Amino acid sequence: MDYPKGSDPYTARQYLLHHLYSPLISVESSPNSDVILQSILNDNDISMLSILKPYGNNVKYSIQNQFFKLTNNQLITKNYPSFPIRFEPSLPDLLSINSDLSKSSKSNSLHQLFSISSLELLLKKIYPENDDLYLTFFNKIITSNLITPFETFNHPISQIFIINYNNDSIDFLRSKIVEFRNYNFPKYFQIDDLLIHVFVLYDTTVTDEDEILQFQNLIKQKLSVSSTIIPIIFEKEGEEEFVEILKNENSTIDEELQRISLQKDQPFEKYFKIPKKLDFQFKSKIFEFISQYLIPHMERNIRIWDDQILAPRRSIASRFFSVSKKLFNNNNNENTSQFNFQDNYYHKSSPEQIIRKLADWSLILKDFKYSYSVYDFIKKDYTNDKAWIYVASTQEMCMVSLLLVQTQLPNTQPIDKNTLRKIRHDIVEPSLDNLSYTYKSRLNLKTYSLRTHLVVIELLLCMCLTYNMSWWWQDLIEKYLLKVLGEFDNHLVSSNQSSQVIKAILLERLGYSFGKFQSTDKFIDYEQLKVQSQDDAQEEGLYENEKKLLPRIDAASYGFNRYRKSSLWYLLSIKEWENLGNLEHIKFLLTNITETYDLESKDNWYDRKDLLLGSIKHRVE
Amino acid sequence: MSSYYFTIIGTKDAPIYELEFSSFKLSSHQIPGKSQFPPNIKEILPFITHSSLDLIEESQWSNNQYNLGKIDSFYGISINAFITQGNIKFVICYDNNSANSKYDESSIKQFFVEVNDLYVKVLMNPFYSVNDAITSPDFDLKVKLLARKYL
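Chains as they are written, first to last, in UniProt numbering: chain B, 1 to 621; chain A, 1 to 151.
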């Protein structure tokens, strides 16, 4: 039964895989390649990156029969219909944004994942035109291009240079690559893992294909860099067909705010209009890049790291060695760890940093089980080194990868009670407590803890829906949502803002999670039950006791759901929205409480004017 | 000093009697017995009670006591419940700032038991049928006396 209506947690799970745990590709385009694109699209504000960005989401912008082959470490190959990637500005640019941030916060090299006040501001600006607010909110929280030492999801996996064959020479390309390589990268970032790739654009009216193939070979020979060619096809005016591509795919909170404030005066254009032929070229070439270069590159690296770094560490000999080292090294008090306590990072060549990357990359390649085992393994080393930020982040990933395994859809055999108990009491609860302590008290990074909580809540909700076992998780979900709510509230109140939109969204989520609660493992079709009980019509001519208390309509499902609780949370959410004057959304939310309250009739106890629902109804009418 | 919101809920989930009051102990500076709930809580108190029915109905299957004890809490408000033989529910919401909650639990239980006696007397009235609102001033007065005695 589709009640209450709300954002499906499985969509949130997908967003997680698309916008957070997906490869980040940094792009640097030459001015000439931007020019050729601008001339074909008749828009002078467009850059190559802004066009590529939406195409990274190959769920939405897919080619026919597309599938990606992913081979895991056990050499099992699976096909996936999509493998989204994120195109971001080139690494030096990303880092310069970060360093600006860290200058402002002086002492600490770590900074918040996002700004809560700008999130609230953004949501306030976009709520009137947005229909799925919770998902937008969730999406904005998980989307980030902040490069941190302890998480490698935002470390670029590949660097793409885009040049225009007709105007850029090979020497120009070389100088670009050299310049890039000589950049002073942070010490935790390993440039050797980066896949350097070139996109060559060419104008089909000027250049023919043989010429460009020769050029491609030349690049291979001289620079030993692989390349992909993208023909730019100019068409006669009036004959083009256009495809609409969403502009703000995968943008962070700040980018979104910037866009809104820049376009205040002009009408807001949501879409790029791209000629159909060019659209096809982009899609197929990006597909080619991912399946022929990116995925093999990642798989190769994972195998190498697994063989050379993880396997020796996992062996018994090395365990013994490390224990004895600890026992005998006690006297001279020498710190053997490679952790830099000043700036909170491991050096790029230290095994700890590489193993973390190995786990992250295998998660990106959807090998959740393997990555869980790696996270679990490396966590102990981080704890020994007292690298708290790494511990917290690895704990987060342990939980996430474990829950991702459990919520993979084709796998729906019920989990046995002992496993569930272990997941709950040994993994989720202690890890979340622990990491929120680390993030908040040790490092003052509460936004990370907020993100983790929200991600875990969504994954737990997925689990509840798949296996119908809400009674295992509902109290945790409620507890965590309230905790998150309290933290957002505290932050915004202390900076003299009210957290209305975030609060309303989270309260709505609470209502949703309770509405989906069923406390039996069998699915009960409530609609069906109602129909049946109405069918038991009275026989005519028999004495009928008018005072007789009839059994409840929902007698069979009595005490098995939480609709009434869900309605209470929805009511509180409606109250917040009422203050903001969002009538449209209130009307939508009112449909989510119809199971509990009869909104049509007038003389019920909840219609009293001094009660919340009564006053809301009055206002809506 | 705690404030209380006491409701009797009929079999069709509609309240048939409600009473808002505060503890009569230690009241020095305000009107004795006047509840202290802030207005934003006041307007949702019946809904809190109503939502706790979900939990009452669940725990009534696993518990063979009439008094279900504390079953829920919501924004610092605790909820205790009692279920009669006729499936009428007594629910009391109170703000949980008194230190000796154990003492509270047992006195709420006593209160429930005695209100149950009163309710049975109401039920025996031939002019009263189940699920009607209880409007008898005598009942009201007696419940208030009980509240004063126990809470």
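Please note: incorrect hints may appear among the correct ones.
What the hints assert, rightly or not - Distance ranges between label pairs, derived from CB positions: (1) B:S495 - A:A14: 39 to 45 Å; (2) A:T135 - B:N496: 34 to 40 Å; (3) B:P551 - A:Y128: 41 to 47 Å; (4) A:P38 - B:P551: 37 to 43 Å; (5) A:S73 - B:T594: 23 to 29 Å.
Think of the hints as simulated: they come from the structure by calculation, not from any bench.
A quick note: this is a predicted structure, and the numbers were derived from the prediction, not measured.
Beta carbons: idealized from backbone N, C-alpha and C, even for Gly.
Falls inside 41 to 47 Å, the C-beta gap from B:P551 to A:Y128?
-> Hint violated: Cβ distance 22 Å, outside 41 to 47 Å.
Between A:S73 and B:T594, does the beta-carbon spacing fit 23 to 29 Å?
-> holds (27 Å)
Does the Cβ pair A:P38, B:P551 satisfy 37 to 43 Å?
-> holds (39 Å)
Range hint 34 to 40 Å (beta carbons of A:T135 and B:N496) holds or violated | violated (49 Å)
Quick one: are B:S495 and A:A14 within 39 to 45 Å, going by C-beta?
-> holds (44 Å)
The structure fails to meet hints 2, 3 from the earlier list, while all remaining hints are met.
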